[in-house]
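6 protein chains.
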Amino acid sequence: MFYADGKLQYKVRVEKPNPLFARALQQAIGGVEGEIRVMMQYLFQAWGARGPKKYRDMLLATGTEEIAHVEMLATAVALNLEGAPTALQEEAARDPLVHCILGGMNLRHYLSTGLGATPENANGVPFNMSHVYASGNLAADMYANVAAEATGRVLATRLWHLTDDPGMKDMLAFNIARDTMHQQQWLAVLEELGGYEAQLPIPNSNPPQSEHTEHSYVFYDPRIGADVVPLAGRYTQGPSLDGKGEFSVEAAVPFGEEPMLAPPVPAGFAQQEQMTGHTGMLGALKHALGGEG
Amino acid sequence: MFYADGKLQYKVRVEKPNPLFARALQQAIGGVEGEIRVMMQYLFQAWGARGPKKYRDMLLATGTEEIAHVEMLATAVALNLEGAPTALQEEAARDPLVHCILGGMNLRHYLSTGLGATPENANGVPFNMSHVYASGNLAADMYANVAAEATGRVLATRLWHLTDDPGMKDMLAFNIARDTMHQQQWLAVLEELGGYEAQLPIPNSNPPQSEHTEHSYVFYDPRIGADVVPLAGRYTQGPSLDGKGEFSVEAAVPFGEEPMLAPPVPAGFAQQEQMTGHTGMLGALKHALGGEG
Amino acid sequence: MFYADGKLQYKVRVEKPNPLFARALQQAIGGVEGEIRVMMQYLFQAWGARGPKKYRDMLLATGTEEIAHVEMLATAVALNLEGAPTALQEEAARDPLVHCILGGMNLRHYLSTGLGATPENANGVPFNMSHVYASGNLAADMYANVAAEATGRVLATRLWHLTDDPGMKDMLAFNIARDTMHQQQWLAVLEELGGYEAQLPIPNSNPPQSEHTEHSYVFYDPRIGADVVPLAGRYTQGPSLDGKGEFSVEAAVPFGEEPMLAPPVPAGFAQQEQMTGHTGMLGALKHALGGEG
Amino acid sequence: MFYADGKLQYKVRVEKPNPLFARALQQAIGGVEGEIRVMMQYLFQAWGARGPKKYRDMLLATGTEEIAHVEMLATAVALNLEGAPTALQEEAARDPLVHCILGGMNLRHYLSTGLGATPENANGVPFNMSHVYASGNLAADMYANVAAEATGRVLATRLWHLTDDPGMKDMLAFNIARDTMHQQQWLAVLEELGGYEAQLPIPNSNPPQSEHTEHSYVFYDPRIGADVVPLAGRYTQGPSLDGKGEFSVEAAVPFGEEPMLAPPVPAGFAQQEQMTGHTGMLGALKHALGGEG
Amino acid sequence: MFYADGKLQYKVRVEKPNPLFARALQQAIGGVEGEIRVMMQYLFQAWGARGPKKYRDMLLATGTEEIAHVEMLATAVALNLEGAPTALQEEAARDPLVHCILGGMNLRHYLSTGLGATPENANGVPFNMSHVYASGNLAADMYANVAAEATGRVLATRLWHLTDDPGMKDMLAFNIARDTMHQQQWLAVLEELGGYEAQLPIPNSNPPQSEHTEHSYVFYDPRIGADVVPLAGRYTQGPSLDGKGEFSVEAAVPFGEEPMLAPPVPAGFAQQEQMTGHTGMLGALKHALGGEG
Amino acid sequence: MFYADGKLQYKVRVEKPNPLFARALQQAIGGVEGEIRVMMQYLFQAWGARGPKKYRDMLLATGTEEIAHVEMLATAVALNLEGAPTALQEEAARDPLVHCILGGMNLRHYLSTGLGATPENANGVPFNMSHVYASGNLAADMYANVAAEATGRVLATRLWHLTDDPGMKDMLAFNIARDTMHQQQWLAVLEELGGYEAQLPIPNSNPPQSEHTEHSYVFYDPRIGADVVPLAGRYTQGPSLDGKGEFSVEAAVPFGEEPMLAPPVPAGFAQQEQMTGHTGMLGALKHALGGEG
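Protein chains in written order, with the working numbering: chain A, 8 to 300; chain B, 8 to 300; chain C, 8 to 300; chain D, 8 to 300; chain E, 8 to 300; chain F, 8 to 300.
Calculated directly from the structure, the hints in this document are not laboratory data.
Any given hint could be a false lead.
[Said to hold, decoys possible] Calculated cross-link-like contacts (lysine to aspartate or glutamate; reagent style DMTMM-like; alpha-carbon spacing at most 20 Å):
1. Lys176(E) with Glu264(F)
2. Lys60(D) with Glu89(E)
3. Lys14(A) with Glu265(B)
4. Lys176(C) with Glu22(C)
5. Lys176(A) with Glu221(A)
6. Lys251(D) with Asp177(D)
7. Lys14(B) with Asp234(E)
8. Lys18(B) with Glu221(A)
9. Lys14(D) with Asp177(C)
10. Lys61(D) with Asp171(E)
11. Lys14(B) with Glu257(A)
12. Lys18(C) with Asp234(B)
13. Lys176(B) with Asp234(B)
14. Lys61(A) with Asp234(D)
15. Lys61(B) with Glu257(A)
16. Lys60(A) with Glu265(B)
17. Lys176(E) with Glu221(F)
18. Lys18(F) with Glu89(E)
19. Lys60(B) with Glu89(F)
20. Lys18(D) with Glu89(C)
21. Lys60(A) with Glu264(C)
22. Lys18(B) with Asp234(B)
23. Lys61(C) with Asp234(D)
24. Lys18(A) with Glu89(A)
25. Lys14(F) with Asp234(A)
26. Lys23(B) with Asp171(B)
27. Lys61(C) with Glu257(D)
28. Lys60(D) with Asp171(D)
29. Lys18(A) with Asp234(A)
30. Lys23(A) with Glu221(A)
31. Lys18(E) with Glu264(E)
32. Lys23(D) with Asp234(D)
33. Lys23(C) with Glu264(C)
34. Lys61(F) with Glu264(A)
35. Lys61(D) with Glu89(C)
36. Lys14(C) with Glu265(D)
37. Lys18(A) with Glu257(A)
38. Lys251(F) with Glu204(F)
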């Protein structure tokens, strides 16, 4: 169960409201790198957690913190919208600035909410819950969480750079710090589980016969052409990261043949010519080429 | 530019076509853990790559390999659909098995494609390109790629377990091996860049003043109640993974106050009572309670 | 800020796990009538609340309760999935029951989560945040909330009817009770604001000149034909509900003319024939009819 | 069956075409508060209507009227686009106004339609039919309809305020009037059915044993903290609106326990450490803290 | 403006209601090949029509007919749902047939609508208005319409084959006939405009300098490998269909170079190593290979 | 299997980077008329091809070419973003131009990608794979392909017109040429199959009894009113295009009756009044009208 105290986790001040920055902040609310995503992702991971209870607890804790991050950002959007233009007056129609501000706004910030935040990204695309990863495999989920916090911290840094409002910079510097913590927290779980090498490959519980290991440590390179620079890196030679193989690199070649599907069944209602081989084709071609048809 | 040879990267055989397994395989085509996602993700990361060319090259190579994985899976779906039922004949209406097979199918496999694959997941939800992560930050992208390959390999293993068709098990054992390689490949980039600690926090290029570091290594625990088990783990004590701080744990407390938004502007067309404080409220309440109104 | 105690708001027991019921329950998690929707809707209404603080407080309180409802349902889904089939063994391929259960499942419950809930509806369609209504107008939002709780309680009742598991029936009877309360709670706000008539029309703050009131109380009936039964109801005669007019009914007639758009501009790159009136048309028609062409 | 006369229900004039206003108008076409939504919602409610025929008739009538509203708005968008810029000429690249108008446009209004409307909202997000509510319960649907017309009228009023074009203001004043009527019309159905109290709770047909009524009239308040202002309102005391209970308010407490899911099944392919309790954890932690490992 | 008479365009009878067929029929309502799509597509093409009025009229007429097709199908779904199971009783839990029917249903047909149609496809995915094509170019739109009616008629034929209900077969035979008409109708417009050759390429109004015509009639074949069968068809030789060129076939080769993007700007917050060329890479690689590091 | 050479199919130069044009170009990447769509559509048609192998080969070839088109456009977007503004500095806040450029940008081009392309359209809406048509019927697919290339060429021409950058105009002139070829290529298949008349109606393999041919060649006109201009065109008279009938035109009339659904079942939990005929209605109406109630 959940409780609220109505206060913000960190102070949210806006000195110079800016409707365009309100729109930009939406990316941190409803973008794929945003806070609704991590809030829901950690909560669903907690609620579906099987295995050691300590990970359920940790996920629940951080998922709960993230609700407060959405709250902070929604507040920041509302404050950035105060004073936003709401009309295309006749003079404004000739004033590029009003048009420009309105044109750059998420118009739903006026039309749909009366100057409040939406659960959308910076382009006004609503957040879609398919982005909530909760795989039932702890290591896979931890990497999904690191990815979310890494892209999230990149986003927060860009927002920090975009604005020159001291209040917004202050709030974002808090968010950036929390993203730092959360990145490390999920990686620390991997270390705690025995180190990330021991966790590889993920899942580390699949039976040996489920993998053709002769293909497990080869970089297949499907690039062709005289100018192609051969690849050489940590992933083309040396021991594999899981300690079970040796990396190598090979030109990609097909191990399979051309696929051959059965002809269309009558119930599929393909064209008759697909089913029969369409003898009419030759004639059509001849005709087109000026032949006798 | 791209080229094709029409052959499959690995052989795709189906001994006992099964329309339900065809539906399950769709998750590996159009699911968020699937091959369209990694194909598009690596290609977009390559096409937007800025910085050392070797990463563009590697991303392009592996993105190109993934197109062939979609090809293999689409072929596997089509082969699993051969012989699928296409009618609810009178006898079938009483035969649970035909109904059951049709009911368990992705009906679009008959209705929309005439027994071919779709770019959808196992529930028939079309893939949505918002899942393509290409952040411009190499480390963030590498973690997104590891997450994709980790959830992808979990999925492939579950599919391998689900089926007992030898041909499908063979194909999936190849896919599982490639996911092993790709997981390590992206992690190897982090190692190559100087080790994953050096990459933390991501981005590692934000200026110091953009982060309130006193919040960067603290686990804030918003869990309350007498029974709550305190958290203790790698992420609550010891040096931080980036070597720049020391982990600690604290009960979460608000650093901010209750937010206060300005009253509705007239142009927002809130209810009059929102704007005036609605003196009518008291009377309504009294009336409801049997008072004088 | 938010807090959690890790306990369920109400007990969640499943005596006879049923993967099909797990799928049905998803509608109450990620369906448009479900709990993620009300949770996010009330929280966003709270975070964007302008005007009397008491409504922000109430919305925040109930939004916080709803997080716990998602938690209960996610737990119920996970418990219903315990023991679910995860394989199409050779014998099973001939056993309709295993196929049937797998076919009726949300396959992502195995493939994507390893037997946990997803933020999707009963068809596996992920919840989309466009369903979060927070208009900035309190009365409009209250009606949106009543609608959500009314469809939500209909859904919960149908789920209660669908299952015969005593634990599930018990949990749903709690949910149904909470939906009862929440329906009334939002209507009570309208009463508190002065009664629902006084709130009509919504918004009640638009200026008189913004409405052609001669069209405000007429039921325009565009139904035609000899058999059409004329409408007569509370909305065709008698005083209007806002006390400002008298209902009437009229056959719908156009007050406007046929619209006429300008011809295509060259920069629109319509077909030349669209721009010129295509004199070739007559010839083509004649030719088709066997004329001289 | 449906018929058309090609005329507009109300006249649509645009004196000063404005591409930004065209984009804003899209919210009334393809937004969640818009006309496609109500058109499809009322038609689907009509087509699925079970019970008294008069409601099917009424829904069909008003659904048919709404098609004409989409027609009016699509015409208004097309007229607002006439004269819109379609080029970034060299001089324009330095002229903020052209950039500004193009930047504020829905670019698909030029690129995809050649100056016509789209079934999208003001941010260019296409309308998604999941917003069509037709629950089979008349009262639930009526509230969904009121909610749609209430948010719709708020939107129309904001659009009326946004523009200063006399033709557009005239058209919107007609739309606002129709929204007035439709709000009342759906509420009048509730009155006609016996009054809204008698309709509560919705559905009013569920059996008594399906509800734990001890939770049906209590406001559970999960807000905590010394500063929290206790809630007092129509919904915390006095008779419930359905006349069957008495409102009260209580601090929210959990009635359930901590949930406990079964451990991962092998077929779920969690990490081995999840399944075994991972004894390696302690060592890892010791190592991290500088212990013996 | 639009009118309705409440009657079905063609009779809709269901002798043996079948919830699985109800789900299949949904593809014809809310699928991409379905009736909502053509209804909205033709209406939006009509409402945005610029140029000869006769095409607006025709599009409006057929768009209006299509509303009646949605009505017929929605009725057919509702009738197929009558008698559908709504409970998982104890006995049913062991009866594969009930589970099978429920498992094969769109569960929202019970849970969300109480046995009525939804604007979704056969997988329960709601229709998304991005499928409405109205390009402003008449020929492009006509081809989009033919495509819609062609896939629509394939779908209707498959549905006709799937069912053995005489009433449903009767209704679908009407739909199939209408799809025949509509396919030809849109092609007839192309003929009327001067013949389809004259309409090519679409748009036929772009200026000559906007096209590098040396690439306009060549089939570039990017297939490689010893086994590749060379292509020969109507499109590799002979006069082009627009009469302006001669088809040929060539192996695809790049006309461009490798792309080179600028390095990351500091404000993009890439990793430092991306911006500097990361001299640490060599050491990491050496270390991995057992060298001196 | 697929291969890449890292080169662009055609050269991509940008002389004057323009972030607004970068946003416009996105329509050609992730719009419904764009290159991701055709790439995936042709590849899925190839992978599901049943019948003559030559069509699989051709589809595979052109699908492979289209990957290179996405590559070119993604490169063009990245180049147009170089130099884009990334900050709202104090001075900029007063400079309309910076606001204007930022306001007109896809903000995700900075916030989410660090100046790279996204798989989205010009409004930032991610591409959705439901647009991939692969019906299993060759003729239906060919028309879907023509429609895609026709709308695609209209789009490319509008982009060509929009920009004045010589490099961009050069690249688009190549794209326009390829769209010319691809339009004709798919139409040539129809000719090769025996001519488009022989392919009509699509599918041409459905059994005669599946069609009520008396409705197959009639234009039903549901337009009414004194002013309605009767339709006359190639589709209202003369031989049908498939040579099997004669076109005619008739006023649309219903061939069916009013639909009548069964009353709500108890398990649907409609309102009691829906199930009983609600005798309370009359009283409510009387009361409203001032009667005795």
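Report the numbers of all earlier hints that the structure fails to satisfy, in ascending order.
5, 6, 9, 10, 13, 14, 16, 18, 20, 21, 22, 28, 29, 30, 31, 32, 33, 35 and 37
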